[in-house]
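Enquirer: Residues per chain are reported as follows:
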Amino acid sequence: METRKNILRGSLFGALTMPSAAFAEWGLNMPVGVTEISRSVFSLHMTIFWVCVAIAVVVFGVMFYSMFHHRKSRGAKSAHFHENTTVEVIWTIIPVAILVAMAVPSAATLIEMYDPSDAEIDVQITGYQWKWKYDYLDEEVSFFSNLSTSRDAIYNAEQKGENYLLEVDKHLVLPVDTKIRFLLTANDVIHSWWVPDLAVKKDAIPGFINESWTIIEKPGIYRGQCTELCGKDHGYMPVVVEAVSKEDYAAWVATIKAEAAAKADLAGKTWTLDELMTEGEQVYLKACAACHMPNGEGLPGAFPALKNSPIAVGDVAAHIDIVVNGKPGTAMQAYKDQLSAVEMAAVITYERNAWGNNTGEAVTPNQIADMSWDMDRLMTVGEEVYGKACAACHQPNGQGIPGAFPGLVGTDIVMGDIGAHIDIVVNGKAGSAMQAFKDQLSPEEIAAVVTYERNAWGNNVGDSVKPSTVASWNGGEK
Amino acid sequence: MNSFFSAMRSTLSSFLGVQSEKQREEDFTNGKPIHFIASGLILAAAFVVVVMLVVEGVLALAQK
Chain A
424 METRKNILRG
434 SLFGALTMPS
444 AAFAEWGLNM
454 PVGVTEISRS
464 VFSLHMTIFW
474 VCVAIAVVVF
484 GVMFYSMFHH
494 RKSRGAKSAH
504 FHENTTVEVI
514 WTIIPVAILV
524 AMAVPSAATL
534 IEMYDPSDAE
544 IDVQITGYQW
554 KWKYDYLDEE
564 VSFFSNLSTS
574 RDAIYNAEQK
584 GENYLLEVDK
594 HLVLPVDTKI
604 RFLLTANDVI
614 HSWWVPDLAV
624 KKDAIPGFIN
634 ESWTIIEKPG
644 IYRGQCTELC
654 GKDHGYMPVV
664 VEAVSKEDYA
674 AWVATIKAEA
684 AAKADLAGKT
694 WTLDELMTEG
704 EQVYLKACAA
714 CHMPNGEGLP
724 GAFPALKNSP
734 IAVGDVAAHI
744 DIVVNGKPGT
754 AMQAYKDQLS
764 AVEMAAVITY
774 ERNAWGNNTG
784 EAVTPNQIAD
794 MSWDMDRLMT
804 VGEEVYGKAC
814 AACHQPNGQG
824 IPGAFPGLVG
834 TDIVMGDIGA
844 HIDIVVNGKA
854 GSAMQAFKDQ
864 LSPEEIAAVV
874 TYERNAWGNN
884 VGDSVKPSTV
894 ASWNGGEK
Chain B
864 MNSFFSAMRS
874 TLSSFLGVQS
884 EKQREEDFTN
894 GKPIHFIASG
904 LILAAAFVVV
914 VMLVVEGVLA
924 LAQK
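From first to last, the protein sequence lines stand for chains A and B. Quick note: the first sequence uses my numbering, first residue 424, plus one each step. Quick note: the second sequence uses my numbering, first residue 864, plus one each step.
For reference, chain A alone in the conformation it holds in the complex (with noise of 0.2 Å):
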């Protein structure tokens, strides 16, 4: 008997004290995860829970013991009281005190978790539907995370993987033993950012910042799930963090900045057809098929076809205008943000072009780029590049300084044609004092000022020179 009672009590003993990494393994329980908070977060589940197994063998034993030993058959009588105010009084103060006591440690962990202070490095995290998007705000590195998983994959046409529905195309990388801030907010809807092996998980709501922060000790590849149900494809934006060494992550760095420039570079490229279509598939399976379906089909009644649909096989400027600014209130998000100059020329040129849509029109990035440059925005930016670059001679208010540089309010060159007029800003004019200006300002910025001389002062040709109009000026050479 005194064995047995060792034997109990000394599995009970180890069974409470035990790490309990063998029930992690089991799948059954939640992580010890990879932070400092991420464990203290799982010993205080542990010590609850043995809490809460320790209440309930008392009780259960009572009451298995109260009906086993007070049966009927051994005739027992029941007992006719109404009230026990001090049996009462006990068994409140018996589950406030055991409250308090489990308060304590969880309300030293919440403290340690809300409080993001002396982080070395900012990450603000934007959710989408249905897809991730972070800003590394130290680095002016922004890139969209989505899933990866293939739709054949989803739709069971082809094997599943080992991650499955938790795999993405872009990483977080992040370094370890690093203190790093988490900025979460939406584009769209409420969404929840979690991962558990680093013991985060926080509302990202649109119009709100909230603030996180973690630690990582140990390098890997750390997954997690949008956590607050957020529309159709909730199930299908995964998190995965890569966690890795500070020097591969300063490598990282480099090499993902580098790839924005190359990709910048490749808007002034000459893409055929073909390239456009390569491109452009890949880009709707990421970013439209979730509503638009991989066949250009829709979902009737949700969201519609692009199959024969009129913006796909209509005017091209509606088709790309819907692209780039999205259609307000629907569903239809406006993808300026999300996909460069060369991703959105690719899908608008697809969508123009695949499922026997054949309109057999190539839209060039170029386009996309014009598209963003609209009057407004060359006159405003004009006006800066004119007191930049022109005002110096030709005054802030066009007049110039008679008998030393020209006036430019209604003068032929402005009123006339354009071309004269980009020519001369573009590539000067010799035995003047007018320089070329084409190494100078951006091809952007010469569009702007181009237009913002031709409409000031009362100018106002109504004409505007697109950027792309300018880069390919001289031929596309310098």
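Heads up, a few of these hints could be off.
Unchecked claim - Quick list of in silico lysine to any residue cross-link-like pairs, SDA-like style, CA-CA up to 25 Å:
| no. | chain 1 | residue 1 | chain 2 | residue 2 |
| --- | --- | --- | --- | --- |
| 1 | A | 686 | A | 863 |
| 2 | A | 556 | A | 683 |
| 3 | A | 602 | B | 923 |
| 4 | B | 885 | A | 508 |
| 5 | A | 625 | B | 925 |
| 6 | B | 885 | A | 516 |
| 7 | B | 885 | A | 505 |
| 8 | A | 602 | B | 924 |
| 9 | A | 655 | A | 574 |
| 10 | A | 602 | B | 926 |
| 11 | B | 885 | A | 863 |
Bear in mind the hints are in silico, worked out from the structure with no lab data behind them. Keep in mind the model is a prediction, meaning the values are calculated, not measured.
Here the structure of chain A is known, so what remains is to put chain B in place on it, guided by the hints.
Expert: Relative to chain A, chain B alone:
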């Protein structure tokens, strides 16, 4: 006055959720509604103040 403290006691026990039958009968024979309303407001305010002080105290401790 006596009835007011009796009401106060009953309100306090209602915060805990436990009341004796004797006190309940006392409340319904000699109690005045205004006493219960007043003690309810006073004790609710006191509860809020206590919670605030506890939170302040815990945060002050955590700052160290």
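Enquirer: Hints first: check each against the structure and report whether it holds.
Expert: Against the structure, the hints come out as follows:
1. With a C-alpha separation of about 23 Å, the suggested pair residue 686 (chain A) and residue 863 (chain A) falls inside the 25 Å cut-off, and the hint holds.
2. For a cut-off of 25 Å, the pair hint linking residue 556 (chain A) to residue 683 (chain A) stands: about 15 Å separates their Cα positions.
3. The straight-line distance between the Cα atoms of residue 602 (chain A) and residue 923 (chain B) is roughly 24 Å, inside the 25 Å bound, and the hint therefore holds.
4. Using a Cα cut-off of 25 Å, the hinted pair residue 885 (chain B) and residue 508 (chain A) holds, with the two alpha carbons roughly 10 Å apart.
5. Taking the CA atoms of residue 625 (chain A) and residue 925 (chain B), the gap is near 22 Å; set against the 25 Å cutoff, the hint holds.
6. Taking the CA atoms of residue 885 (chain B) and residue 516 (chain A), the gap is near 21 Å; set against the 25 Å cutoff, the hint holds.
7. For the proposed pair residue 885 (chain B) and residue 505 (chain A), the alpha carbon gap of about 12 Å is at most 25 Å, so the pair holds.
8. Taken as a hint, the residue 602 (chain A) and residue 924 (chain B) pair is honoured in the structure, with Cα atoms around 23 Å apart against an allowance of 25 Å.
9. A threshold of 25 Å between alpha carbons decides the hint, and for residue 655 (chain A) with residue 574 (chain A) the separation of about 14 Å falls inside it, so the pair holds.
10. Taking the CA atoms of residue 602 (chain A) and residue 926 (chain B), the gap is near 19 Å; set against the 25 Å cutoff, the hint holds.
11. With a C-alpha separation of about 93 Å, the suggested pair residue 885 (chain B) and residue 863 (chain A) falls outside the 25 Å cut-off, and the hint is violated.
Of the hints listed earlier, the one the structure fails to meet is number 11.
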